[in-house]
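Visitor: Quick note, the sequence shown lines up with residues 7 to 742 if you use the working numbering.
Calculated from the structure, these hints are not laboratory results.
Worth double-checking, as some hints may not be accurate.
[Unchecked claim] Straight-line alpha carbon distances no greater than 16 Å define the calculated EDC-like cross-link-like pairs of lysine to aspartate or glutamate that follow:
| id | residue 1 | residue 2 |
| --- | --- | --- |
| 1 | K478 | E399 |
| 2 | K478 | E411 |
| 3 | K443 | D466 |
| 4 | K619 | D724 |
| 5 | K223 | E555 |
| 6 | K303 | D398 |
| 7 | K303 | D373 |
| 8 | K303 | D368 |
| 9 | K474 | E555 |
| 10 | K130 | D82 |
| 11 | K281 | D368 |
| 12 | K443 | D433 |
| 13 | K619 | D695 |
| 14 | K130 | E85 |
| 15 | K619 | E696 |
| 16 | K341 | D218 |
| 17 | K505 | E489 |
| 18 | K478 | E532 |
| 19 | K309 | D373 |
| 20 | K619 | D721 |
| 21 | K438 | E323 |
| 22 | K319 | D237 |
[As the list claims (entries may be wrong)] Cβ-Cβ distance ranges computed for the label pairs, FRET-style:
| id | residue 1 | residue 2 | range |
| --- | --- | --- | --- |
| 23 | E537 | K261 | 49 to 55 Å |
| 24 | V662 | S456 | 39 to 45 Å |
| 25 | F19 | A120 | 24 to 30 Å |
| 26 | R545 | A420 | 33 to 39 Å |
| 27 | A190 | R375 | 47 to 53 Å |
| 28 | R375 | K474 | 33 to 39 Å |
| 29 | N210 | G666 | 17 to 23 Å |
| 30 | Q600 | K341 | 57 to 63 Å |
All of these numbers come straight from a predicted model, not from anything done at the bench.
We put the CB at the ideal spot given by N, CA and C, even for glycine.
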Amino acid sequence: METSEADAAFYSFAVVMLSLYIVPTALFVLYRFLKTPKLTRTWGFAAHVLALAVAVALAVQCLRQLQTVDTSGVFDPYEILQISDAAGLRDIKKAYRRLSRELHPDKNLGSQRAAAARFARVAKAYEALTDPKGMENFRKYGHPDGRQALFMDFALLSTFSGASAGSSSLFVLAYFAVVLGALAWIGYTLHRRSGSRDRTQISNKTAALLVDALAEKMSVHDIVELLLATDEMTTYPNAAEDRLEAQQRAQAHNKLVKKMEAAKVLPAEIFSRIKKHPDHVARENMLALYQYLRRNKLHGVPKPTWLDARLRKVLLELPFLVEIFATIAAEHSFKRGFTAQTLLRALSLLSSLAQGSFVADDDALRDQRARLADGAALPQLSIASASLAVLDEANVQPGDWITAELTLARNHVAVGEAAPLASTFYDEIDAKSPFRKEHVWFLVSDRASSRLYAAWKCVDLSQTVTQKVGFKGPGLAGKYEMEIRAVAVAYLDAHATFKVPLVTRRAWSSRANGDHSADLPRVIAEDAVFENPWLRLKRIRFLDQRGRERDWTGVERTTTHRPPAAATAATAAAPCQDSEEPCDAVVVFPFLTQKQAAHRVIVIRQFRPPVGKWVVELPAGLIDDGEAPAATAFRELREETGFEGARVLHMGPPMVNDQGITNGRCRLLLMEVRAEDQRADRRQQLEDDEMIQVLLAPLDGLVPWLHERRTASGDAIDARLYSYALGLQALPLVLR
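Build the full structure now, drawing on both the sequences and the hints.
Guide: This is how it looks when you write it as structure tokens:
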């Protein structure tokens with residue numbers, strides 16, 4: 007039985023798909039037979055062989071079907087007319103007349119449709135060989151009718167050719183789902199059983215764990231405990247069985263801990279943490295690592311055999327985890343205002359793993375030199391030049407994006423050469439380990455506070471390396487001495503430093519007041535703890551006059567605005583100080599004047615939730631963006647009291663207020679309010695959360711009036727109001 011062209015396309019496709027399985031599976035089976043014959047005695051391997059045999063049988067059957075392809079669908083006029091390519095016109099006409107009689111539909115009533123199709127092909131073949139236009143079209147396009155439309159479809163068996171489009175599509179989708187799903191399952195199974203993974207990647211769970219656990223001052227032991235307890239380090243092939251075996255060795259863990267503790271190779275606190283760790287696999291990981299890194303101090307302590315498998319995994323995978331953690335520490339330390347300590351500890355752990363020593367003592371450095379290949383030298387790094395600047399700007403303002411440009415020289419490498427592979431303990435464990443390369447980490451930090459501002463890894467192995475990296479500079483104005491550190495993590499104690507002075511100043515401060523920053527004391531870092539649309543709670547780190555680092559908690563306004571340029575002109579009638587200086591709010595001392603009457607003071611009685619009482623105070627409010635302080639004073643007086651101000655008598659400079667907890671600043675404005683200018687129906691314009699009553703107090707005797715409010719009504723008195731009232735009263739009689 008001949009195979010149709012449609013079926014041939016399907017069989018061709020099937021052979022290709024089957025080969026995608028046959029080739030890798032055959033190589034896998036051959037590898038098992040030659041390299042690991044013991045692993046061929048399992049049901050899983052038998053299933054692989056059976057599946058391979060079935061796939062090969064199907065492929066052979068498809069190839070056999072392709073040998074019987076019916077090529078009648080190909081338009082060849084000589085083949086259709088059953089004549090040779092050298093036939094003349096007479097033979098062509100003779101063959102056409104013969105086939106026309108044989109294939110005429112009237113003479114093939116039993117298979118009229120098939121005969122009609124073949125009859126039409128014979129006519130087209132005759133046309134292609136006799137008609138001039140048909141001959142030209144056949145020569146150009148391979149068909150007497152000229153250019154043919156290209157039709158593409160799925161390669162289905164002819165059995166499905168009569169099916170609907172929906173069922174055909176479902177068949178195709180099902181076919182691909184089965185084939186590709188099977189291939190994916192096989193690949194996943196082999197990958198899982200092999201126990202290997204991409205060591206440069208970690209799970210989202212582990213990434214979140216590392217970010218949350220990152221602290222400002224982590225020791226190497228903290229980092230070791232954190233990383234060796236991750237899923238990547240505690241998950242082995244046959245995980246459940248492995249964990250059970252580790253749990254059964256709990257007593258052996260304690261015995262080894264006691265022996266190591268007796269040798270005093272680590273602080274007692276570390277051994278206590280190991281014994282209390284809930285994960286037995288993580289416990290064995292830590293024991294394996296510490297036993298390896300402190301082996302020179304453990305000559306009399308035998309190493310259990312079960313540590314070998316743990317140690318191999320630790321040495322192969324822990325360096326990748328440490329580098330990932332270092333990358334996370336570099337990114338988040340600046341965001342959180344951390345020092346460089348944690349990152350430096352992580353980088354030192356990389357050096358310890360590479361050189362097989364927990365500390366860079368004399369013995370470790372001597373072994374490091376002895377490990378060098380003949381003619382090799384230890385790294386001699388130096389930062390030839392470095393600069394910190396804002397591109398296209400002469401000055402650096404707080405929070406500017408600073409570009410660090412530096413040149414690192416490898417003095418142990420010849421000019422034009424690249425740094426060779428380092429001599430490490432990875433040489434025997436994993437010769438292809440990327441940690442054998444002399445990669446360098448760069449750190450930029452404030453030398454006084456050690457706060458980290460930038461850190462990155464450089465993989466350039468050239469003798470001279472040029473780096474250009476941007477980072478956000480200090481957020482406060484001041485003088486800084488920045489330190490740029492280069493660390494070669496493949497070796498112990500291989501680093502170089504370079505100090506660069508940096509001065510940041512606010513543009514408005516340098517114009518109006520000059521540079522008042524001092525070396526000490528000064529603020530070095532600020533971190534937001536909580537924030538809403540009006541306030542920000544922040545942790546402040548500063549250096550005292552002795553250079554010691556201290557912490558403070560404070561609050562700042564998020565609504566601080568610099569007055570617009572028109573502020574001075576708008577209030578030219580009033581004495582004004584420091585009109586360009588930013589300010590948060592205004593406080594109004596309104597004098598109510600009236601002809602033939604004593605002057606009075608307009609004060610308000612407002613309920614303040616933080617105090618839990620009504621407070622007698624002066625009208626006040628925040629300055630809106632783009633609003634002049636005087637305009638704010640008129641607006642706040644109108645909204646809180648309903649009175650309209652007449653003129654500003656005096657506007658003071660921005661003054662600090664409650665400076666122990668906030669950096670907020672306000673201006674005090676003395677304002678005249680004329681009684682005859684007020685409307686009879688004046689009304690307050692309060693917000694929903696404002697609870698304010700208007701009071702009129704006598705200007706003369708304001709202090710006794712405030713005392714009476716405090717005792718009679720239980721009101722709290724605002725310090726600014728009382729201070730100004732006391733100033734109006736002048737000195738007490740005993741001091742006159």
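Visitor: Indicate, hint by hint, whether the structure satisfies it.
Guide: Hint-by-hint comparison with the structure:
1. At roughly 15 Å between alpha-carbon atoms, K478 and E399 fall within 16 Å of each other, so this suggested pair holds.
2. Distance restraint check for K478 and E411: the Cα-Cα separation of roughly 14 Å lies within the 16 Å cut-off, and the hinted pair is therefore satisfied.
3. For the hint linking K443 to D466, the alpha-carbon distance of about 10 Å falls within 16 Å, and the restraint holds.
4. A hinted pair counts as satisfied when its Cα atoms are at most 16 Å apart, and K619 with D724 qualifies at roughly 12 Å.
5. Between the alpha carbons of K223 and E555 the distance comes to roughly 14 Å, so the proposed pair stays at or under 16 Å and holds.
6. Between K303 and D398 the alpha-carbon distance is near 57 Å, which puts this suggested pair outside the 16 Å criterion.
7. A C-alpha spacing of about 14 Å is found between K303 and D373, which places the hinted pair at or below 16 Å, so the restraint holds.
8. For the hint linking K303 to D368, the alpha-carbon distance of about 14 Å falls within 16 Å, and the restraint holds.
9. For the hint pairing K474 with E555, the CA-to-CA distance comes to about 31 Å; that exceeds 16 Å, so the pair is violated.
10. Annotation: proposed proximity of K130 to D82 holds, straight-line Cα distance about 10 Å (limit 16 Å).
11. For the given pair, K281 sits about 30 Å from D368 by alpha-carbon distance, which is inconsistent with the 16 Å threshold.
12. A hinted pair counts as satisfied when its Cα atoms are at most 16 Å apart, and K443 with D433 qualifies at roughly 11 Å.
13. Of the supplied pair hints, the one linking K619 and D695 holds, its CA atoms being roughly 15 Å apart against a limit of 16 Å.
14. With a C-alpha separation of about 12 Å, the suggested pairing of K130 with E85 holds against the 16 Å cut-off.
15. Simply put, K619 and E696 have alpha-carbon atoms about 14 Å apart, close enough for the 16 Å limit, and the pair holds.
16. Straight-line distance between C-alpha atoms of K341 and D218 comes to about 13 Å, which keeps the hinted pair within the 16 Å bound.
17. Distance hint between K505 and E489 is fulfilled; the C-alpha atoms sit about 5 Å from each other, no more than 16 Å.
18. A distance of roughly 14 Å separates the Cα atoms of K478 and E532; the hinted pair therefore holds under the 16 Å criterion.
19. Between K309 and D373 the CA atoms are separated by roughly 21 Å; this puts the pair beyond 16 Å, and the hint is violated.
20. As the CA atoms of K619 and D721 are separated by approximately 7 Å, the hinted pair is consistent with the 16 Å bound.
21. Note on K438 and E323: the hinted pairing holds, with a Cα-Cα distance of about 13 Å set against a maximum of 16 Å.
22. For the hint linking K319 to D237, the alpha-carbon distance of about 13 Å falls within 16 Å, and the restraint holds.
23. Roughly 53 Å separates the CB atoms of E537 and K261, a value that falls within the hinted 49 to 55 Å.
24. In this structure the hint that V662 and S456 lie 39 to 45 Å apart at CB is violated, the actual value being about 30 Å.
25. Remark: the range hint 24 to 30 Å for F19 to A120 is upheld by a beta-carbon distance near 27 Å.
26. Checked against the hint of 33 to 39 Å, the C-beta distance between R545 and A420 comes to roughly 50 Å, which is inconsistent with it.
27. At about 51 Å, the beta-carbon gap between A190 and R375 stays in the expected band of 47 to 53 Å.
28. Here the CB-CB span from R375 to K474 is close to 34 Å, well matched to the stated 33 to 39 Å.
29. Range check, N210 to G666: Cβ separation about 43 Å, and the 17 to 23 Å hint is violated.
30. For the pair Q600 and K341, the beta carbons lie near 59 Å from each other, so the given range of 57 to 63 Å is met.
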